[in-house]
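Given the coordinates of chain C, assemble chain D onto it according to the supplied hints.
Residue numbers (the numbering used here), protein chains in the order written: chain C, 1 to 380; chain D, 1 to 380.
The hints are simulated quantities; they were obtained by calculation from the structure and are not laboratory data.
There could be a bad hint or two in this list.
Given that identical chains are not distinguished, each listed pair holds provided it fits within a single copy or across any two copies.
Only pairs whose alpha carbons sit at most 30 Å apart, straight line, appear in this in silico DSSO-like list of lysine-lysine [said to hold, decoys possible]:
1) K53 with K366
2) K293 with K43
3) K181 with K247
4) K53 with K43
5) K43 with K231
6) K297 with K43
7) K247 with K297
8) K231 with K366
9) K231 with K53
10) K247 with K176
11) K293 with K181
12) K53 with K293
13) K109 with K181
14) K247 with K293
15) K247 with K173
16) K297 with K109
17) K173 with K297
2 protein chains.
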Amino acid sequence: MSRALGFQIEGQSGEARAGVLRTRRGEIETPVFMPVGTAGTVKGIRFEELESKDLDAKIILGNTYHLWLRPGIDVIRAAGGLHRFIGWDRALLTDSGGFQVWSLGALRKISEEGTEFRSHVDGSLRFLSPEVSMEVQAALGSDIVMVFDECAPGRASHEETERSMNLTTRWAKRSKSAFNKLQLEREDTQALFGIIQGAGHLDLRRISLEETVNIGFDGYAIGGLSVGEEKSVMFDVIEDIAPRMPKDAPRYLMGVGTPEDLVEAVARGVDMFDCVLPTRNGRTGQAFTSRGKLNIKNAQWTNDQRPLDESCPCSVCRRHSRAYLRHLYMTGELLASILLTHHNLAFFLDTMRGVRQSIRSGDFPKFRREFTERLGANGK
Amino acid sequence: MSRALGFQIEGQSGEARAGVLRTRRGEIETPVFMPVGTAGTVKGIRFEELESKDLDAKIILGNTYHLWLRPGIDVIRAAGGLHRFIGWDRALLTDSGGFQVWSLGALRKISEEGTEFRSHVDGSLRFLSPEVSMEVQAALGSDIVMVFDECAPGRASHEETERSMNLTTRWAKRSKSAFNKLQLEREDTQALFGIIQGAGHLDLRRISLEETVNIGFDGYAIGGLSVGEEKSVMFDVIEDIAPRMPKDAPRYLMGVGTPEDLVEAVARGVDMFDCVLPTRNGRTGQAFTSRGKLNIKNAQWTNDQRPLDESCPCSVCRRHSRAYLRHLYMTGELLASILLTHHNLAFFLDTMRGVRQSIRSGDFPKFRREFTERLGANGK
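Only chain C is shown next, with the shape it has when bound in the complex (with noise of 0.2 Å):
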């Protein structure tokens, strides 16, 4: 563990952990959710919102791919760095462009050195790999950055997989290697983590996180979950392989889930997570309410003067009607986006908190078990 951050789990109920983060931006309990910054802005939504008590988002995440290529290293190291270029004082962690250049398909290709692929935005050459994604990602100055990693598809043969996950796994020793040379120049301290691959092939994954804890980082994540692969698969391997982490190091599950997810993923040991569903469904008009679903569009929401969630103690859910929101929504007003976002990040925050005083207070078990009927029962 580096001097940039610390971690300590101070409840557990089974394999689930409740633990403080400390960073150099404050403390930030876990299992925690971190909100999706892509472009330096969670969409939709203000920083004030975020920092609210509705909310309280302690990190949040930025996109090195969509920075590094628009405004670019330049601008936000002129900036002095992404918090300030954005404004925001508490953690961020940004990912290392791996899973985006990835997602691309046939716009890249894939070398030993690293990924060749056209900008998105211009259509220029770029070119990315463990050197480039450590750079940018101490121009940006993040909190916690992420090794640059391959991603196999969710349902590729053990063959491909192995490939793949030994290419990650090179790739996270000259990540490492270059993260250590620049830590060098900074006056600040990043932390580290390292990426488990693997696909749904048990054996790889277990070679992967074996390698990558040799290696030694900060802190572990799952990568190449949530693309594709069956549930089940998604956790059959997070049971298998979140236990086997490291205990005194953060288990972060990259990209996932439903609120339902991310409660069964802690059950399972992980502590943190981050997904862009609360935003990007907040911006095609659906809710996440403790009942399960609700979409905003519905006619049957046009005459409803109760607000999206009746538990939800959340500024939309006090003052304002699904009635309402419908309207907004069908009208495209930019206050349906607005809303629905926050109330779908105060839910997922909400969740988080419910999860961790729970694990604290020794009644996960019962908190787990409540929230799930209820998401089933789908009673509106």
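This is chain D only, laid out in the frame that chain C set:
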């Protein structure tokens, strides 16, 4: 003056007046700027922001035409009126729909009885008249209702304007009569404002004023300006008409204008304003500042770490740089609209606060001169 509204002048500087408008939903200091909430939302901004110290908007405007078509009056009635539908406890003024249907151009047919038009939402044939407009505004439950009027084009001939102005007078009588009947049926009370028309023809404006005052309303508006005429024509009309309007009733200049227009119209005796400029221009990347307009798209802001307006105390200017706002705008992020709208409204409402204070303290001529000089300097 009905019991729905009280108005008192508390300070004067030349023709400029500082007063207080008393509604069932709180006191409103004048001169006042009313943000436009077209379809039941001031576009791009949460009600909490409108109420915050940055803006502290005491009254907003709703558009009868838009709300009547969507979500429709049944939905708003079911919620218990527009205030409860949208979740806004402060004062609301609704326009009559006259200006919107007039703006439809070829899509509408005006007769003595009213205006037939096709809905822009679903193409259905609709009919709006003084009686229908009063009924819709009664259902909306706005604190201030506007008479149903016809607007003559900015450069209309004397003959055309006279015909239109006389129609407006007959519609004003019908509006008042329908309004009075509807008031008998309600527990609360609404106020009704008349509208002075006459395009750029001062003789017709004076006749319209006289006839409107003879009918008798709680307040009087100057309509049909800022619709294509020269700006000098607009100010000639305001300068001639405003001082002749009843001194003991609020004077409302509809649909105007830029910050400098507001200050200049106050100097000529106007008390109330509404305009889409701060919100609409916010969404198209244009900021209003104490040194003039600033187009956030300009490449010159790429690395500019200064706020939009160095003398603006709003939360956007306290937190975010031009470089960041430009990045958000160029990337098509929702937050660009949200933040620029917030700043623009803060600037408009702050300007009006300055106007009010300076009238009360006797410093309005100095305020006006310095405000205009700063805008003219336009030094970034």
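Status of the hints after comparison with the structure:
no.	hint	verdict
1	K53 with K366	within (25 Å within a copy, 43 Å between copies)
2	K293 with K43	both (20 Å within a copy, 26 Å between copies)
3	K181 with K247	within (27 Å within a copy, 76 Å between copies)
4	K53 with K43	both (19 Å within a copy, 24 Å between copies)
5	K43 with K231	within (27 Å within a copy, 40 Å between copies)
6	K297 with K43	both (20 Å within a copy, 19 Å between copies)
7	K247 with K297	neither (45 Å within a copy, 49 Å between copies)
8	K231 with K366	within (23 Å within a copy, 69 Å between copies)
9	K231 with K53	neither (33 Å within a copy, 48 Å between copies)
10	K247 with K176	within (21 Å within a copy, 76 Å between copies)
11	K293 with K181	neither (47 Å within a copy, 46 Å between copies)
12	K53 with K293	within (23 Å within a copy, 35 Å between copies)
13	K109 with K181	within (27 Å within a copy, 75 Å between copies)
14	K247 with K293	neither (34 Å within a copy, 56 Å between copies)
15	K247 with K173	within (22 Å within a copy, 80 Å between copies)
16	K297 with K109	neither (41 Å within a copy, 34 Å between copies)
17	K173 with K297	neither (49 Å within a copy, 42 Å between copies)
Hint compliance for this structure: hints 7, 9, 11, 14, 16 and 17 are not met, and every other hint is.
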